[in-house]
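Novice: The lines below spell out each chain.
There are 4 protein chains.
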Amino acid sequence: MMDTVNQMYIEQLNEDEKNIIEQVLKGFESKRQGTSTSYVSAMYAMEHEFDGETLSITMPVTPIVYNSLGMMHGGITATAIDTAMGMLANKIAPSNKAAVTSQLNLHYTAPIYGGIVRAYAKIIHHGSKSMVIEGWIETDAGKRAAHATGSFYLIDKKQ
Amino acid sequence: MMDTVNQMYIEQLNEDEKNIIEQVLKGFESKRQGTSTSYVSAMYAMEHEFDGETLSITMPVTPIVYNSLGMMHGGITATAIDTAMGMLANKIAPSNKAAVTSQLNLHYTAPIYGGIVRAYAKIIHHGSKSMVIEGWIETDAGKRAAHATGSFYLIDKKQ
Amino acid sequence: MMDTVNQMYIEQLNEDEKNIIEQVLKGFESKRQGTSTSYVSAMYAMEHEFDGETLSITMPVTPIVYNSLGMMHGGITATAIDTAMGMLANKIAPSNKAAVTSQLNLHYTAPIYGGIVRAYAKIIHHGSKSMVIEGWIETDAGKRAAHATGSFYLIDKKQ
Amino acid sequence: MMDTVNQMYIEQLNEDEKNIIEQVLKGFESKRQGTSTSYVSAMYAMEHEFDGETLSITMPVTPIVYNSLGMMHGGITATAIDTAMGMLANKIAPSNKAAVTSQLNLHYTAPIYGGIVRAYAKIIHHGSKSMVIEGWIETDAGKRAAHATGSFYLIDKKQ
Chain P
1 MMDTVNQMYI EQLNEDEKNI IEQVLKGFES KRQGTSTSYV SAMYAMEHEF DGETLSITMP
61 VTPIVYNSLG MMHGGITATA IDTAMGMLAN KIAPSNKAAV TSQLNLHYTA PIYGGIVRAY
121 AKIIHHGSKS MVIEGWIETD AGKRAAHATG SFYLIDKKQ
Chain Z
1 MMDTVNQMYI EQLNEDEKNI IEQVLKGFES KRQGTSTSYV SAMYAMEHEF DGETLSITMP
61 VTPIVYNSLG MMHGGITATA IDTAMGMLAN KIAPSNKAAV TSQLNLHYTA PIYGGIVRAY
121 AKIIHHGSKS MVIEGWIETD AGKRAAHATG SFYLIDKKQ
Chain W
1 MMDTVNQMYI EQLNEDEKNI IEQVLKGFES KRQGTSTSYV SAMYAMEHEF DGETLSITMP
61 VTPIVYNSLG MMHGGITATA IDTAMGMLAN KIAPSNKAAV TSQLNLHYTA PIYGGIVRAY
121 AKIIHHGSKS MVIEGWIETD AGKRAAHATG SFYLIDKKQ
Chain S
1 MMDTVNQMYI EQLNEDEKNI IEQVLKGFES KRQGTSTSYV SAMYAMEHEF DGETLSITMP
61 VTPIVYNSLG MMHGGITATA IDTAMGMLAN KIAPSNKAAV TSQLNLHYTA PIYGGIVRAY
121 AKIIHHGSKS MVIEGWIETD AGKRAAHATG SFYLIDKKQ
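Protein chains in written order, with full-length UniProt numbering: chain P, 1 to 159; chain Z, 1 to 159; chain W, 1 to 159; chain S, 1 to 159.
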């Protein structure tokens, strides 16, 4: 199929589809360069910052994340927040441990229609075996569109 | 950029990347044909069934959904479950109403490494203004990898 | 103060208060006899049954559990469900382990005004270090008034 | 039964039981005086403060709130937090509306063995039909023992 793609398929894409493919290909590039550590964060063009306390992630809200109502899919909102929380948990975890989500609770408080959103994660409880982290996401205009808390387990890293 | 893509970029993709692009392009096709109603469900190759009570969605677990630990990203698991719940809610809702997620709680009970997962949604409470729905996801081997409950609001459909 | 109580205080109680005191004193009795294992379950007159799979608890809905709106307090509903879940978790746990709630999520789906409610608990996931349990509560009329899921950690029992 | 109680029953109570009865009777007093608006908050000797932003509730941790492991029952922790959240919601709500809990999620982060705990509630999202509120509870020593978020519906007040 990829040959077909290469020669004619892409020409037939509509504008949304072209933008998605472009975003995905740029994501591949950022994954190869190590800026993204997964295809998920790469494809959604997530970029993160950590100020020592709060970890934040930005991502553009384009048709790639829309649900059938034309707003950001609640699952992708969860993905942005869970990614921010997971990155924070792994930054805080001892070097021989990895943190994995054991539970995640989200409240959706406003729809997201576009622009660049920013997801935040901040520690609530730091135990020896688990952590509780709060996270939230804000629109361009600074409106909180979702608020979450999550539990993370610490597991031994694979050698 | 798309011209560059068309002529040479795709040849340089590695095997995972080619598979992702192929899955995305097939998703575009299924969205055009109306089989998928959003790019999110299209790109993740979600297919749904409804037996009148339980709505289920299948999706392949490929690198497109991996987190940095090489297992299915918790946010994408949430996306599959939320999609199943949301589709069920909208099937049950009165014809002039749309159902949107107001709250989602997930327990992750096992990692998912591959194969085809199936997410399920089933009604717990059906009120006039809101619904509570339970959802879960199972691996190929029938193991429950996550269990969730969600609250859905009914809003007026845009005319 | 107890002497005052003994001699005159109780005569001045109104009907609701007398009923509460009576329920509390009966609870003390059931705790002494080992039917209740805590003052909480004793005072709320909880009685449990276990059929090998589902653990259920009954309790009367009297003014002792009302909130300021005259319906069963959401926290006491949580107490009934958490107690059923915790009892189930401890029945299932290895004999040298105790199970404690690490997380609890509740959806309230109908108000409870009286009668005898029954709270249920059923296992969703049984891991070596933790469990996920679902619980719900039904009114006399069989209406589901709340639905919950909880996570339980297994800790070493004190010797 | 109350006559029996009055004359001899109370003399036979053990120390814990006497303290519980005393706490309950004091609670009745505070409910009559309108300091407590329900038997639940009265019996647990809850006292609240509101600084215009955060509503907090104190309560003593005595055997009346213990679970069978001798620590504060998770359901009673939920009751303290839900009460603080509900009081806050009702302070903020329009005067013709009452706020009722529709969903509550709690993370338990440390056991509580005694002293006076303080539960807090703070608004996260204030919508026209619902609110999201965060709550937490701290031990005497200032340790966060639980963290929660809840959703509240606004319903018309009974006239």
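Don't take every hint at face value.
Since the list gives no way to pick one copy over another, a pair counts as held whenever it fits inside one copy or between any two copies.
[Stated by the list, open to error] Below 27 Å or equal to it, Euclidean Cα-Cα: the simulated DSS-like pairs (lysine-lysine) are:
(1) K143 / K157
(2) K129 / K158
(3) K97 / K143
(4) K97 / K129
(5) K26 / K97
(6) K158 / K143
(7) K158 / K31
(8) K129 / K143
(9) K129 / K31
(10) K157 / K26
(11) K158 / K26
(12) K157 / K97
(13) K91 / K129
(14) K129 / K157
(15) K18 / K97
(16) K18 / K157
Keep in mind the hints are simulated off the structure, nothing from the lab.
Novice: Give a verdict on every hint.
Specialist: Verification of the supplied hints:
In this assembly of identical chains, K143 and K157 lie within 27 Å of each other by CA distance solely across copies; the values are 23 Å between and 37 Å within a copy. For a Cα distance limit of 27 Å, the shortest separation of K129 from K158 qualifies both inside one copy, at 17 Å, and across copies, at 19 Å. For the homomeric pair K97 and K143, the shortest alpha-carbon distance between copies (25 Å) is at most 27 Å, but the shortest distance inside one copy (35 Å) is not. Proximity of K97 and K129 under a CA criterion of 27 Å is satisfied in both settings, with 10 Å inside one chain copy and 17 Å between copies.
Within a single copy, K26 and K97 get their C-alpha atoms no closer than 31 Å, and across copies no closer than 38 Å, so neither meets the 27 Å cut-off. In this assembly of identical chains, K158 and K143 lie within 27 Å of each other by CA distance solely across copies; the values are 23 Å between and 40 Å within a copy. Within a single copy, K158 and K31 get their C-alpha atoms as close as 21 Å, which meets the 27 Å cut-off; across copies the closest is 39 Å, which misses it. Taking the closest pair of Cα atoms, K129 and K143 come within 27 Å of each other only across two copies (17 Å); inside a single copy the shortest separation is 34 Å, beyond that limit.
Taking the shortest Cα distances, K129 and K31 never come within 27 Å of each other, neither inside one copy (30 Å) nor across copies (35 Å). In this assembly of identical chains, the alpha carbons of K157 and K26 never lie at most 27 Å apart, being 30 Å within a copy and 36 Å across copies at closest. In this assembly of identical chains, K158 and K26 lie within 27 Å of each other by CA distance neither inside one copy nor across copies; the values are 30 Å within and 35 Å between. Taking identical chains as interchangeable, the C-alpha atoms of K157 and K97 lie at most 27 Å apart whether they share a chain (5 Å) or sit on different chains (26 Å).
Both within a single protomer and between protomers do K91 and K129 lie at most 27 Å apart by alpha-carbon distance, with minima of 15 Å and 24 Å respectively. Within a single copy, K129 and K157 get their C-alpha atoms as close as 14 Å, and across copies as close as 17 Å, so both meet the 27 Å cut-off. For the homomeric pair K18 and K97, neither the shortest alpha-carbon distance inside one copy (40 Å) nor that between copies (32 Å) is at most 27 Å. For the homomeric pair K18 and K157, neither the shortest alpha-carbon distance inside one copy (39 Å) nor that between copies (29 Å) is at most 27 Å.
Of the hints listed earlier, those the structure fails to meet are numbers 5, 9, 10, 11, 15 and 16, in rising order.
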